[in-house]
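Let the sequences and hints guide you as you build the complete structure.
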Amino acid sequence: MTTAFPAPTLPVSLAANPKLSSWVKFIGECRVVVSPGKVEIGQGIVTALAQIAADELDVDIGRIEMIRASTAASPNEGVTSGSLSVQQSGRALRQVCAEVRQRFLTAASERLGVDASLLEIQDGTISGPGNVRTSYWELAGDVSLDHDANAGATAKIAAKRAVAGHSVQRVDIPDKVFAGRRFIHDCALPGLLHGRVLRPDISGARLIALDETAARAVPGLVTIIRDGNFSGVITDSEAAAEAALKALRKGATWTAGEPLPDEDDLAGFLKSQPVETDVIDTRTNATTRRHARTLRRQYTRPYIAHASIAPSCAMAQWNGDRVHVWTHSQGVYLLRADLAIVLKLPAENIVLEHMEGAGCYGHNAADDVALDAVLLAKAAGGRPVRVQWSRHDEMAHAPFGAAMVIEIEADLDADNEIIGWRHAIWSNGHAARPGRAAQPALLAATEIANPYPRMISTNPPAANGGGGDRNSVPLYDLPAWTVTSHRLLTMPVRTSALRTLGAQGNVFAIESLLDEIAALRGEDSIAFRLRHLRDERAKDVIRAAARRAQWKPPKQPGIGHGVGLARYKNTGAYCAAIAEIEGTDDIRVKRLTLAVDVGEAINPDGVINQIEGGAIQATSWVLKERVRFDRTRIISTSWTDYPILTFSEVPAVDVEVIQRPEIEPVGAGEAAHGPVTAAIANAVYDCLGVRVRDLPITREKIIAAMEPAS
Amino acid sequence: MPTIQFQLNGTAAAVDTDPDQPLLDVLRSRLGVTSPHFGCGAGECGACHVMVGDRAMASCEIPMWSVADKDVVTVEGLGTAEQPHPLQRAFIAEQAMQCGYCVSGILISSAALLKRNPSPTEAEVKAALDRNLCRCGSHNRMVRAVLRAASEMAAS
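Line order of the protein sequences matches chains A and X.
Heads up, the first sequence is in numbering that gives the first Met the number 0, so the first residue is 0 and it goes up one at a time.
Heads up, the second sequence is in numbering that gives the first Met the number 0, so the first residue is 0 and it goes up one at a time.
Facing chain A, from chain X, some residues (calculated, C-beta under 7 Å): (1) D24; (2) S28; (3) C98; (4) G99; (5) D129.
What the simulated footprint calls covered on chain X by chain A, stretch by stretch (three residues with Cβ under 8 Å from a Cβ of chain A suffice, anywhere in the stretch; the number is not a length): (6) 34-44; (7) 72-84; (8) 89-97; (9) 101-114.
Treat the hints as calculated values from the structure; they're not laboratory data.
As the structure is a prediction and not an experimental result, all values here were calculated from the model.
Where a beta carbon is used, it is the ideal one built from N, C-alpha and C, also for glycine.
Below, the structure is given as structure tokens:
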């Protein structure tokens, strides 16, 4: 916990971790070590941070070595989430490097006898008039960085930056094309054992009896662990672990578990549960316009799986009462806090080291598997144990993005102008991450003999962008609104943070209804939006996307165009999307055209990559994705049962980045999902004349939406 | 256990193994070849693709007996940083990934395609990669990279 802030002007991550040496060090052979608290999850953050450091220190980016986050040494930057890494880590690092640079310039000035203002730095060499020179590395012994940042130096102005703002190649990619062992899955520690955990198919089932006889006969078995409902095997090879787990499963007897909702009536389920209700925002303006009618529309989205390509994996090794954990968690310190609760150990006995996993789109099973490994490794006699989940468990037991029902009532006057707007959300909370509560959020903690209750997911506060309510307050200048969020107090299906939290659902709902109202008025949907926007940056992205997509192309049979717009969290990146689809009763998204404004784009190609990826992932969510379950178990546990977009189905994606070097950067990873979702739904209407308000937009949903109209 | 012999990345390999053991297990745990990744264990995601002859196959599903005396190629055998395969060069040039966990399998599927069809169309590249899943949404960059590699190989 941060108790005192050294200076009010420090960036938040730096205020919490003010010591300069915890961020930057100069080491032998002219290298610079940069140690951020944020982690690489395939989003390219490590490269963007290296760019910032290279710029501010004036060293070649090739000299910079980026250190993976570890609780042993790294600044504590909480969790790598919410599109905040450039914002938090980037600002902190920029300030750190500005202060480090100044300290070295002062030292160089003393050594060289030249006024600091006359010195310049080129690739780490500090030189001045009369051909005098020294370097960061020559001075490193004299300049202590064991000082707290004091906001006493100013970072370079935008025009002086040579690296940030330009596309550079990502530092992690060569390893990934040349079979370098960058992933935790590829790391082989000496003496490594393999563990697997037995989990029930039936949701919420408890282990009544466990016959271990068959598992004990599996060659290579080291031991079987049972602690309440938690059980697993340790073996000397991965193949043996799979065999032993299979044998153990046959010996397990489970209770009947706890019922799941009706997957075909998610709205009925969500609206019938006990809830905590918050009024998120209200606005009232006097209007002289008279109410003529109210449009009342309901939008739903299903539970969505992270479905990372790799199953979650972790390694743990005990030494007495200390444990070392290798993890692809998004927050090593937060996970450590939860492990300390479960293990009843002081946090300093636990060291977590980050290693890369597959792309993760929020709170998947990365943290759960770390506790699994720690619990199994207790019985491994000091040898390291690696646990990897199965595809089935990854799709069944990891938290899902929460299902949502959103109801909007729009009051219209006789000209179909909006005079009132009521937006209500029913959803489970969108966050149950580790390290933020007095109880752990980890799956195995609910299974051990003295279990912790399953944490019911909550919503981050509005100041952090909210959860179920994220992006529910209209970006548009409507005369009046009330936004209400109902968070479920029961959680039969486990939910936590998935990319955008509630923003995808809310933007889908708002942008769909605006489109419907524009159509009622016979007004072009982009003109209608522009007329209701006061924010010039929002207008610029929508205009840029419109220009790029040559809005609006002439109507052709079987082709539709639609638009969607949002500013992520209403404080982050602006993104407008235009979808071109082809459809009869099946839909194919042909092209997505997007414009994005993240302020200063540190690595423009990295921003484009994130926007492209977000747009394609959102297309997959919209057209295909829905967690399937019957009343007892999750049944979408394979790629056949949980299909995602394939290469042949992927649309062309065209992205324009509006570069604003003078504006503080924000993240791009979640900006596209809401706008793309809405753009596709609106294009479906343009193409087929039906409004599908229930995601995913499948052939069945289109037919269902056609029926009431006919 | 019988000894199964095969060519791995151009070098003779011999492993004493249960003939039904999946190739992926043997590559990763016995031979230290870690570029083929476990993704699903059911041949549905392509993360474990290796090239057998001129075909990309899911090594999680093919038993050891089936590769006896065959040529098996993984990313370790495609090229190195010093002498990259045109596909590896192209994937860097196009920055064709986000997390990269699926990339080994996609490089292999692409290499197998280019062996059979040195100048594929965009639609042919996509069709060849349809058994490979990418969750991060880097598909279009990967398709561009394969086309770039193909034209580079054609020019040389």
